[in-house]
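Using the hints, position chain C against chain R.
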Amino acid sequence: MTLPREILLDGYRRMRAIREFDDRMRREFEAGTVPGFIHLYIGQEAVAAGACIHLNDSDYIGSTHRGHGHCIAKGCDIGDMLLEIYCKQDGLCKGKGGSMHIADMEKGMLGANAIVGAAPPIAVGAALTARTLDNKGVAMSFIGDGASNQGTVFEALNLASILKLPMIFMYENNGYAEFTGTSYHLGGDIAGRAGAFDMPAEKVDGTDFFAVYEAVGKAVERGRAGEGPSAIEAIAPRWFGHYEGDPQAYRSKEELADLRNTSDPLLRFRERVLADGQLGADEMDAIDAEVRADIDDKVAVAKTAPKPPAEALYEDVYISY
Amino acid sequence: MSTSAIEESVASSNLTLRDAINQTLAQEMRRDPTVIVLGEDVVGGRGGTSDVEEAAGGTFGVTAGLAEEFGLRRVIDTPITESAIIGAAAGAALTGLRPVAELMFIDFIGVCLDQIMNQIAKFRYMFGGKARTPLTIRTMVGAGLGAGPQHSQALYPFLSSIPGLKVALPSNPYDAKGLLAQAIRDDDPVIFCEHKALYNDTADVPDGEYLIPFGEAAVTREGSDITVVALSRMVNLANEAADRLAKDGVSVEVIDPRTTSPLDMDTIYDSVGKTGRLVTVDESNPVCSMASEIASAVACEAFEYLRTPIVKVTAPHTPVPATPHLEQAYVPSTERIERSIRRALMDY
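The listed protein sequences correspond, in order, to chains R and C.
With numbering that gives the first Met the number 0 applied, the first sequence covers 0 to 320.
With numbering that gives the first Met the number 0 applied, the second sequence covers 0 to 347.
Simulated from the structure, these hints should not be mistaken for lab results.
On a predicted model such as this, the values are computed, not experimentally measured, just so you know.
Do not take every clue at face value.
Unchecked claim - Partial chain R-side listing against chain C, Cβ under 10 Å, derived:
hint, residue
1, 83
2, 104
3, 122
4, 124
5, 320
As the list claims (entries may be wrong) - Estimated spans, in silico, between C-beta atoms of each pair:
hint, chain 1, residue 1, chain 2, residue 2, range
6, C, 248, R, 308, 52 to 58 Å
7, C, 308, R, 318, 50 to 56 Å
8, R, 186, C, 47, 31 to 37 Å
9, C, 295, R, 306, 31 to 37 Å
10, C, 209, R, 217, 49 to 55 Å
11, R, 289, C, 70, 48 to 54 Å
12, C, 112, R, 279, 32 to 38 Å
13, C, 308, R, 316, 31 to 37 Å
14, C, 72, R, 150, 48 to 54 Å
All C-beta atoms in this analysis are idealised placements derived from N, C-alpha and C, irrespective of residue type, glycine included.
So that you can see chain R by itself, here it is in the shape it has in the complex (with noise of 0.2 Å):
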């Protein structure tokens, strides 16, 4: 599969900034900059990027509690999601989400989730906005594999199946949900479930940007063309905990050891570009740059700006009361 340039550019930019934030991230609160939990994205860098590139402003997704991925990629301003996370009040949810609920309705992202299985009955619904006003946009969930043992799952994929809705289930199977192995919590295997619902649903790599792009496309352009939901299982390991500041005593040294030579998803997509001559180490090296002074300026902004002020407590609970 070739890209256009600019893909893979885009593709490549967007998987930098969610490496270098959720890395930076993990540096923040391990000095104890950060409030809150946080739960780091790295590892999955190319399924968030992989799907979103395929997105307008105005299709929908619905996220998990690792959500800093899914922001990203969406287009939530970096800057304003730092702000959010440290909690001030110019953040995007004015600091009263915090990590696990960044939100950003231009942008179409309808929230990180802090309940597992949550997201995608609300993205259903989404798709049920794009099917009623008939305007060709689709919604997508992004679902744990932890969140694929939930009800609510499987009940989104019925109702999306039986309505035809624009939807896509956009499984990312990371191996882990909290502490517990899919070996041990997922009874079956993710995609086939999916398949049961009586659309097309697909195993993909998940570390390998190309193979999301492609499968998450043919799902996109299906739903367009109004004829229904699809499943993607993209299979990317979480390089870190469940959490930040999980010891992880439940997962081998050498498994760990292994998963920045073997599933590194910008590792991978630079070798291939390099290797086929379509990016030139430069051009990446320069959006490294690029990303990281941006990533330093906008934290430096973020620790420093003002909290909400006390009132923020009683404000935007209703429209009207």
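Relative to chain R, chain C alone:
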């Protein structure tokens, strides 16, 4: 205004509560193409072997005829899938529609509570005031039809305690129409609780559109000796009890809050200021009931008005039994309300 215009503005029909809701849904769907209705058997009969186009129109016929007028793209039969019904309604509301989702019986909330409590109620706050969820969840509440423990509960009090939700409880066809129109046009999520034993009650209902604002109680009967605050079906029983007491010269004021979130306490304080006595009547279980909440608010904020202790009338701390005579004992009756009012009137 010409005579004919006045006549038009007051034209009304004698409608059941069921038909008042049906008429409101149709009127709101006509005025706003983003209003959709979804739920189990709101049309009815998809996938059956007869060629009947609309086999049900809701289990109690409340949505009858809507599919015929508005089509199956706007009146959407769903599987039995409450999490997906409510979740999809949430997502549709976030993205530009104004869905009316049916949660057939409020007892089914257990299988979709996350969507109501953690998602719908919190979107606006946790997304920094940038999300709108104009969503109405119609649901049936209440005992009296022998439907048993899982189809008869009055679970609105705990929903009223969740910030971000509004809760409406019409006690008659007129209020049902005005409150439902307000619920559908409201930009916040509303739980609209229809008492299943009220569907056949009738009243004059204006044919045209009108709204009843939330947080405005109705004084359904003025009186001077005692204030009775009652909700949903209990309003009727409280008024019956007041009729009986009137024969003994007791003047009872009956207040129907109509919405429990927001809750119009000012009307209640003013009334208790006048009467000095309060009885609260609620078909819910007693602990954390609306009867308790209203009593507590008056005790905390208007204690000086009270001449006698507040009396609460609620269901007991039990599930709703299917057994008809036990169910009858479960639900507060006109007799119990009358006795409670008499107790509250005793001098201390």
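Evaluated hints:
1. 83: holds (8 Å)
2. 104: Given a least distance of 5 Å, the restraint on residue 104 (chain R) holds.
3. 122: Where the cut-off is 10 Å and the nearest Cβ of chain C is about 6 Å from residue 122 (chain R), the hint holds.
4. 124: holds (2 Å)
5. 320: This hint holds: residue 320 (chain R) lies near chain C, its Cβ roughly 5 Å from the closest one there, short of 10 Å.
6. C:248 x R:308: 52 to 58 Å: holds (57 Å)
7. C:308 x R:318: 50 to 56 Å: violated (39 Å)
8. R:186 x C:47: 31 to 37 Å: holds (33 Å)
9. C:295 x R:306: 31 to 37 Å: holds (34 Å)
10. C:209 x R:217: 49 to 55 Å: holds (51 Å)
11. R:289 x C:70: 48 to 54 Å: holds (51 Å)
12. C:112 x R:279: 32 to 38 Å: Violated, at about 54 Å.
13. C:308 x R:316: 31 to 37 Å: holds (34 Å)
14. C:72 x R:150: 48 to 54 Å: Since the Cβ atoms of residue 72 (chain C) and residue 150 (chain R) sit about 27 Å apart, the hinted range of 48 to 54 Å is violated.
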